[in-house]
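Number of protein chains: 2
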Amino acid sequence: MREVFQQQLTEVQDRLVEMATTTSHIMQKASSAFLNSDVVSADEAIALADANGSKALALDELVIRILAKQSPVARDLRVLVSALRISASLDRMGALAGHIASIARYRFPGAAVPTTLRANFEEMARLDVELSKRVSILLKNTDVDLARQIQAEDARVDELHRNVFDVVLGDDWKENAMYTVDVTLASRYFERFADHVVDISTKVSYLTTGEWNDAE
Amino acid sequence: MREVFQQQLTEVQDRLVEMATTTSHIMQKASSAFLNSDVVSADEAIALADANGSKALALDELVIRILAKQSPVARDLRVLVSALRISASLDRMGALAGHIASIARYRFPGAAVPTTLRANFEEMARLDVELSKRVSILLKNTDVDLARQIQAEDARVDELHRNVFDVVLGDDWKENAMYTVDVTLASRYFERFADHVVDISTKVSYLTTGEWNDAE
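From first to last, the protein sequence lines are chains A and B. Numbering-wise (the working numbering), the first sequence opens with residue 1 and increments by one. Numbering-wise (the working numbering), the second sequence opens with residue 1 and increments by one.
Next comes chain A alone, as it looks inside the complex (with noise of 0.2 angstroms):
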């Protein structure tokens, strides 16, 4: 019985990596679509961003089928409670990642970030990229360090949303309101991406201390 438990356990871990896995490749898609005004790899992060909630529903189902038949207890249910948290979360990651995507799709032909803001944003799109790969080897391996690590970046991508604001709200700033509009919400959508890496890596620092918590 507990073999066939510790088997499903990591039948759960192991689609919650592929779905961190997923999200990241969503984020590279559909940075690179804003970035780029890549209309292709927008579409290719929408649709990604589609099946990412499909599968998010289908590991819910998994985890609640697991609860039922083995009624875990002490850490094994709260894995199994952390795991529909962060199904969530990655669940949310995609679909902001989406949201990105779909800022240039609309925009397309034309650039959605203008120059002034081009590096932030390329910045804020590369930290993204690196804290959704993070969260797939922290999923892999609960490693606490990483958990720290992704805290410090997430710091970074809130300066970075908070520049937006300064940039677009100082006197130098002659741009349209589409482009206040667009870049207002991507660096809404990037900074609410790092903070769901930030609350998973939470759940899983909480998996490995004890320490259940939703500090920020």
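Keep in mind the hints are simulated off the structure, nothing from the lab. One or more hints might be untrue.
Copies of the same chain look alike in the list, so a pair counts if it works inside one copy or between any two.
[Unchecked claim] DSBU-like cross-link-like pairs, simulated, lysine-lysine; straight-line CA separation at most 35 angstroms:
(1) K174 - K140
(2) K174 - K69
(3) K140 - K69
(4) K55 - K133
(5) K55 - K174
Quick caveat: nothing in here was measured; it's all calculated off a predicted structure.
Got chain A sorted already, so can you dock chain B onto it with the hints?
Below, chain B without anything else, positioned relative to chain A:
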């Protein structure tokens, strides 16, 4: 044993209803802050949103304890897993309303809404407050007709959200970038708030009809 379990389920339900009521208060205060530059309401909304987050954590702990002690299966198990998700949505709704209050706080003593979009945001605010009140009732009674009504009202919020973009991207929009940023983000928060109401009503519908689906 069954009686104890029923009492525990009732406790979970009561706490969800209480969170929904708090969420509705947060949105009322946040909307008032946003529409009337009312800084006292803004601070109250932000404080209540924090408290709501703590309630969500406490409720999750309770659900996990019940899962561990009672090892529920079938419908009981799904009720508890749904409770975890509903509590996460109510937590996010409080946070989103808190963000709306924060916008008002930043712009104080100035207004966050230009006159051209005032009526639009008044209607969004009214609908969001109404939607969150309906969630309280729905969680008390699991009334499927009410769930359908909620889905229709959310469609109107989406329409108002799209209208904000039509106005901001239209030729007549002459407001500065600060207004553009504020209304873009606020509209997004109002829209996401309503989305969560739909998610909750979908979960409740499921519990009544047996169809487990995140269909939109």
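Does the structure break any of the earlier hints, and which numbers would those be? Of the numbered hints given earlier, those the structure breaks are 1, 2, 5, listed in rising order.
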